[in-house]
Amino acid sequence: MLKKYIFGCLFFLLALGACERDDICAASTPTTPQLVIAFFDANNRTESKVINLTVRAIGLDDSITIKNDTIIRIPLRTDTTSTTFIFTKNPGILDAEEDPNNRDRVTFSYNINEVYIDRACGFKVTYDALTAQASDEGDGRWITDISINNSTIINDSIYQVSIIH
Amino acid sequence: MTVSIKFLLYINILLFAVTVSAQDIDTIATQQERIEDTVVVVKVPEQYGLRVGIDLSKIIRSAFDDTYKGLSVLGDFRIKDNYYLAAELGTETKDAVENTFDATVKGSYITAGFNYNAYENWTGMSNLIYAGVRVGYSRFNTDLNSYTIYTTNTFFPPDVREETRSYDALSGAWLEFQLGVQAELFSNLYLGINVQLKSLVSQKEPEGFGNLYIPGFNKVTTDNKFGAGYGYTLMYLIPIYKK
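Here the protein sequences come in this chain order: L and G.
No gaps in the numbering here: position 150 of the first sequence is 150 in the numbering used here, and each next residue is one more.
No gaps in the numbering here: position 173 of the second sequence is 173 in the numbering used here, and each next residue is one more.
Next comes chain L alone, as it looks inside the complex (with noise of 0.2 Å):
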């Protein structure tokens, strides 16, 4: 009677030991965060301005577009201590009453942090010791402008840069 038990038992255990739960990464997990931008009026510098802008950086073709905003968030390159980014403020858009498709080449550079999240996150990125550099690109610089509010980034709720343009 104990036998035919335990024979039992073992495909019962082995049936068990098959479903473990997935491990999902919750969405509310902070994870590697990305740079916030605020932009401001070069006239009034406490006052946030809307920009259109692509951001492009070196190396990718892929861009990110903003319309009509005043703070954006973009990523930075995790494999490497800085990453170069060209501004392009108003787009294809020649006849903008300012800096029509201007073109500015912005450098961030950092220290990376790499955090251990947990097993279903793995690990992320934080950053500090932020700094930012801007160029033109030969048609006269659009940003003002550019400064360090916060030179670590751990999450995006707050801006890190402020752009004044």
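The set of hints was computed from the structure by calculation and includes no laboratory data.
Be a bit skeptical, because a hint or two may be false.
[To be verified] Partial chain G-side listing against chain L, Cβ under 10 Å, derived:
#, residue
1, F101
2, T152
3, P157
4, D159
5, V160
6, G208
7, F209
8, T221
9, D223
[Claimed, not checked] Simulated restraints on C-beta separations:
#, chain 1, residue 1, chain 2, residue 2, range
10, G, D65, L, T29, 24 to 30 Å
11, G, D65, L, G92, 53 to 59 Å
12, L, T152, G, F155, 17 to 23 Å
13, G, Y68, L, S63, 45 to 51 Å
14, L, T29, G, W122, 55 to 61 Å
15, L, S157, G, N141, 34 to 40 Å
Glycine is no exception: its CB is placed at the ideal position from the N, C-alpha and C atoms.
Here the structure of chain L is known, so what remains is to put chain G in place on it, guided by the hints.
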């Protein structure tokens, strides 16, 4: 309770009555009164000894699960009527293939404690239905084979890192509760099955990484100190003395 049932069992054998379990309390009581002053109870000696064996479940799993290799030896020793000292010694290797990384955990473990046999055997049989407690300790290493930085943004190509990182001298300690049965297949050869519920007491985690699996404890889940396991044992009793 235990003592009285055993007492009655012996009485019944002497009276050539076959079943004791089917009797109700009333008849047991009257029977007891009637025979009390006339019967001499003969105690049949029971086997005491060291039982040693292996966990078949680990061998079976090693054969079918590509990510697992394990082996363990276990033993128990009867110290008093229903009490057994019990211990297990094992080694396990487990590949943790996760969504964004892949690691290998390798180490060995020991558990020790005791079992209480709650099964009343008929004379001459020695099966067990038992509950047991154990303390467990494991030492292991984790190799992080490769990982990808997790990001919800796909603008840049995935940042995959292939260099292996080794984390040595990790450890874990846990308390374990075990329920099991063991049946004598042939003379002195026992087949058993058990389930284990474990609670992690302490662990040494790698710096900048976490424990995914602890040999003997099994999978470590996020924000949860509980673990579970099972065993399928084959043991041989080395008789030492009868009592």
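The hints, checked one at a time:
{"no.": "1", "hint": "F101", "verdict": "holds (5 Å)"}
{"no.": "2", "hint": "T152", "verdict": "holds (6 Å)"}
{"no.": "3", "hint": "P157", "verdict": "holds (8 Å)"}
{"no.": "4", "hint": "D159", "verdict": "holds (5 Å)"}
{"no.": "5", "hint": "V160", "verdict": "holds (9 Å)"}
{"no.": "6", "hint": "G208", "verdict": "holds (6 Å)"}
{"no.": "7", "hint": "F209", "verdict": "holds (5 Å)"}
{"no.": "8", "hint": "T221", "verdict": "holds (7 Å)"}
{"no.": "9", "hint": "D223", "verdict": "holds (8 Å)"}
{"no.": "10", "hint": "D65/G x T29/L: 24 to 30 Å", "verdict": "holds (29 Å)"}
{"no.": "11", "hint": "D65/G x G92/L: 53 to 59 Å", "verdict": "holds (57 Å)"}
{"no.": "12", "hint": "T152/L x F155/G: 17 to 23 Å", "verdict": "holds (21 Å)"}
{"no.": "13", "hint": "Y68/G x S63/L: 45 to 51 Å", "verdict": "holds (46 Å)"}
{"no.": "14", "hint": "T29/L x W122/G: 55 to 61 Å", "verdict": "holds (58 Å)"}
{"no.": "15", "hint": "S157/L x N141/G: 34 to 40 Å", "verdict": "holds (38 Å)"}
Consistency with the previously given hints is maintained throughout, with no hint failing.
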